[in-house]
Each structure stands twice: as C-alpha cells, then as structure tokens.
Amino acid sequence: MKVLEEIKNALTDLNEDLALQLVKDALAARVPAFEVLRACQDGMTEVGRRFECQDYFVSDLMMSGEIFKQIGAILEPELKAGGAQTAGKIVFGTVKGDIHDIGKDIVVNMLKSANFEVLDLGVDVPPEKFVSALKESGATVLGMSGLLTLAFDSMKATVQALEAAGLRSTVRVMVGGGPTDQNVCRVVGADDWGADAQQAVRLAKGWLEPARS
Amino acid sequence: MRMKVIACRVMIDEMRGFLPAGVETEVFEISRHIRPKRLKEDLQAAVDRMDGTCEFILLGYGLCSNAVVGLRTRKSRLVIPKIHDCIGVFLGSHQAYLDEMKKEPAFFLTQGYIRGYQSDRSGPLDELEKVTRRHGRERAEKIVGELMHPYKRLVYIKTAQAADVEADREYSVAMAARFNLRYEERPGTSELLRCLASGEWDRGFVVIEPGREATLEQFMD
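Residue numbers (my numbering), protein chains in the order written: chain A, 547 to 759; chain B, 1479 to 1699.
There could be a bad hint or two in this list.
Some residues of chain A that are not near chain B, with every Cβ distance over 10 Å (derived) [said to hold, decoys possible]:
| id | residue |
| --- | --- |
| 1 | L550 |
| 2 | L573 |
| 3 | A575 |
| 4 | R576 |
| 5 | D588 |
| 6 | T591 |
| 7 | Q600 |
| 8 | S605 |
| 9 | M609 |
| 10 | A633 |
| 11 | H646 |
| 12 | D727 |
| 13 | N729 |
| 14 | Q744 |
Facing chain B, a subset of chain A residues (Cβ under 8 Å, in silico) [claimed, not checked]:
| id | residue |
| --- | --- |
| 15 | D571 |
| 16 | A574 |
| 17 | E598 |
| 18 | F603 |
| 19 | D647 |
| 20 | T695 |
| 21 | F698 |
| 22 | G724 |
| 23 | V733 |
Derived lysine-lysine pairs resembling DSBU-like cross-links, with alpha carbons at most 35 Å apart [said to hold, decoys possible]:
| id | chain 1 | residue 1 | chain 2 | residue 2 |
| --- | --- | --- | --- | --- |
| 24 | B | K1580 | A | K681 |
| 25 | B | K1515 | A | K635 |
| 26 | B | K1581 | A | K635 |
By construction, these hints were calculated from the structure, which means they are not laboratory data. In this text, all values refer to a predicted model and were calculated from it rather than measured experimentally. Think of the CB as a built atom: it goes at the ideal place given N, C-alpha and C, for glycine as much as any other residue.
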C-alpha cells in the first residue's frame, strides 16, 4: 500500500510533520492501525541500519524515537478500539545503577503500541522492586534495559532475585540496551536479548501470544 | 620492543607520561564508542597488526560497551584494565564511580574527554549543533535535552597529569550552563594508567595469554 510505504519513508527520513500527517491520513482512510504500526517498525529498522552505516548520528536515532512516540500516541486508541485485548503484561525498567531511559522508553513505546500492557518502573530499579512488581501484577515477562556495562551486574542480581523469590520458572526475562548481546544474555542468566525495540516486540509476542491462544 | 599501546583518545594523553620513550601507540577517536561492534573489529585489527612484534600489547580501554570482549592474540600478551569504562579509571575504581553516581547522577568530563570531543566533534555540544542544523533549533533543544536529562551535575575530574586546566574549565563550565547542570570539580587519579604503563598488573588488570580471548566474566565481579 502506497501510504504505508510513504509513512515508512517519512519516518526513515525523520520528517516529523509529514510522518504524523500521513499516519492521521491513513487512519482516516481506514487503513488498519496495526498495518501503520508495522510500517513504522520497518521505518525504525531502517533508521537503525542508517545509524550503523554512519549515515545517522545518535541524535537522529533519538529523533526517530521522538517521532515514533508521537505516532504511538496516535495509534494507541485505534489499536485498542480495534477490539484487541491486551497482548499480555510486561514489567520493564532500566536496572539499578543505570539512569539512562531513552532506549528503554523507545522499547516501552513500541511494546505499548503492539498492545502490550507495560508496567514501566523507570530507571535505577533495584532487583527487589522488579520482584515485587512482577508479583503484584502477575506479569510473566520482564524486560531489563541498560546502557552502561555496569548494568550487567544488576541484571544478573535481578535474575538471582527472581530465582530466590520462586519466580524464575514462570517469568521470561529479556535484556537489551547498547552493549547487550548474546554473551551478556548468557552471563546475566536472561532468556533472550534484543538488539532493537522490534526484537523486544518479537520476543514478547513469541512468549505471550502462545499462552493466550 | 617489549610493549606497544592501543588506546582511546580519552586515555592516551594521561598514559603517555608514564610510558617509556618511543613506545609505539595507536589511538582511536572517542566517537568509536558509539558503535561498539565496529570498535571491536577495529581493535582486533589493530591488535593483529601489533601481534608478535612485541611482548605485551597494552589496551587503554576498559570493558567499554563490550568492545574488548573476544579480543585475542596469537603471540603477544594483551593487558586490559579491569574496569567498565574510563570514568572508573580516572575516579580510581569502579566502586568510586558507582558511589559518585549514587550521590547524584553526573555527566563526567576529563581532559581526555574534552580533547576527544574537540578532536572529532562528538560531544553533546557538537551533537546539539549537528541536530540543530538537521532538524532546527526547537527539535534540537528537545532531543539533546532528553539525552542530557538524566544528569543533574557536570563533574570535571582533574587529574595530576592534566595540563592547561583553565581551558578545560572554560569548556566544562560552558557545557554545564548550556545543559542546566551544576558544575563541580573533583580531583581524579591516573594511578591505574600508571600501573598499566609500568607493568604493575597484579591487581586490577586482565592479562590475556596468546591463544585465549578476553571474556565478559573477567570484567565482572
């Protein structure tokens, strides 16, 4: 569909006004919100690729996150009105000792847009706070974010706290953030990791959707 | 030749004072940190160039977004400070860094950082300028403001090795004012770099033997 390609391109080119207008136009023309969302996710993937190729700066990545946040706010009521019940509950936060929230916010927005109910605990979140949030909410997915490598110790401590609280067998754990990779995932004891927000959505869908069907 | 050095721009000037004369060094710009996977490839390529031409290759890097994990040599030994990043180096330890952040979140600068930012125009002030050019002032303020909002203060770490501190102070005070951060100064140390350059690797260093590779576990407590 032409409008979806245009939305993807506007987001990829960081053209804020055009992207927002095209999203509104698409919804007015009854293009399904989830398809608009998918086009935006494709756009974000392309932004990430341009960053890796050094065509984009860090601030361009942030600009894309900012545009996506606004698109997410437009799509959210449409996705809910589409009758889709929540795709599942996720507890999310930047781990203890790390105060960076830009990456976390992009992932949280992407998950919310994908119809997940996200309990965002903010930054510098100690293991016990993750544990109590999981217990109180009954969420079965935990997402931990960290920009600094010091976050690894906190991620590991949080996974250990989950074990101590008897939650580890029922809660799936994903980690992400700048320095995260498969090796980090293994060392901290998480179930999986994501290099970008789209991967977080894919993981959450893979873990939560089978449980609901 | 007993040792050669591969270092980040942030560390190299402070290291030089401790290195024997004539030591070969290869320096990478600070902005390489932004893409850690590529930095890892570039570091490995630099290690490969030096491998076998000296007994030890000293790395003026910490764990640095995992960029050093997986580095390996075939003939020389690789020596890396056991530290997450250079703020810990200049504050004296990883714990000192955690303690500072616990007090109040801070954006840290050292002479090496300032020179690094000036060298490849990669500091927050430069980022503000770039994004203003591309997206206009209003959006630039918003975006770079978000980048800096976790921090409450800007702390200039003054090491004994630093020269012309007044110029650093001017840069740091201007940056603090631009991002509404409280400006502070505190003394730092280059002791870890002195130990690195002097071969005192008993504590606080990861030494990789030929044929082995640096692992994440070696840097974690």
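Against the structure, the hints come out as follows:
With 10 Å as the threshold on Cβ separation, the claim that L550/A sits away from chain B holds: the shortest Cβ distance comes to roughly 24 Å. With a least beta-carbon separation of about 24 Å from chain B, L573/A lies farther than 10 Å from that chain, consistent with its non-interface assignment. At roughly 28 Å from the closest C-beta of chain B, the C-beta of A575/A stays outside 10 Å, upholding its exclusion from the interface. The beta carbon of R576/A sits about 31 Å from the closest Cβ of chain B, which is more than 10 Å, so the claim that it is off the interface holds.
The claim that D588/A is not at the interface with chain B holds, since no C-beta of that chain comes within 10 Å of its own (minimum 21 Å). Annotated as non-interface, T591/A keeps its C-beta farther than 10 Å from every C-beta of chain B; the closest such distance is 17 Å. For Q600/A, the non-interface assignment is contradicted: its Cβ lies about 7 Å from the closest Cβ of chain B, within the 10 Å cut-off. Interface exclusion of S605/A from chain B breaks down, the closest Cβ pair being 4 Å apart, not more than 10 Å.
At the 10 Å boundary, the C-beta of M609/A falls inside the reach of chain B, the nearest C-beta of that chain being 6 Å off. Non-interface call for A633/A relative to chain B: holds, since the shortest CB-CB distance, roughly 27 Å, exceeds 10 Å. Not every CB of chain B lies more than 10 Å from the CB of H646/A, the least distance being 6 Å, so the non-interface label is violated. Remark: the non-interface label on D727/A conflicts with the geometry, its nearest Cβ contact in chain B lying 6 Å away (cut-off 10 Å).
The beta carbon of N729/A sits about 6 Å from the closest Cβ of chain B, which is not more than 10 Å, so the claim that it is off the interface is violated. Consistency note on Q744/A: stated as away from chain B, and its beta-carbon is indeed over 10 Å from all of that chain's, at 18 Å minimum. Checking D571/A against chain B: minimum C-beta separation of about 22 Å lies over 8 Å; hint violated. Hint status for A574/A: violated, given a least beta-carbon distance of 26 Å to chain B, over 8 Å.
Taking 8 Å as the C-beta contact cut-off toward chain B, the hint placing E598/A at the interface holds, the least distance being around 7 Å. Interface restraint check: F603/A against chain B, minimum CB-CB distance 6 Å, threshold 8 Å, status holds. Checking D647/A against chain B by beta carbon gives a least distance of about 7 Å; that is within 8 Å, so the hint holds. The interface hint given for T695/A holds, since its Cβ lies 5 Å from the closest Cβ of chain B, which is under the 8 Å cut-off.
Hint status for F698/A: holds, given a least beta-carbon distance of 6 Å to chain B, under 8 Å. Annotation: G724/A was flagged as interfacial toward chain B, and the flag holds, the nearest CB pair being 6 Å apart, inside 8 Å. Look at V733/A: its Cβ gets to within about 5 Å of chain B, closer than 8 Å, so that hint holds up. As the CA atoms of K1580/B and K681/A are separated by approximately 27 Å, the hinted pair is consistent with the 35 Å bound.
At most 35 Å may separate the alpha-carbon atoms for a hinted pair to count; K1515/B and K635/A meet this at roughly 32 Å. Between the alpha carbons of K1581/B and K635/A the distance comes to roughly 33 Å, so the proposed pair stays at or under 35 Å and holds.
In summary, the structure is inconsistent with hints 7, 8, 9, 11, 12, 13, 15, 16 from the numbered list given earlier, while agreeing with the others.
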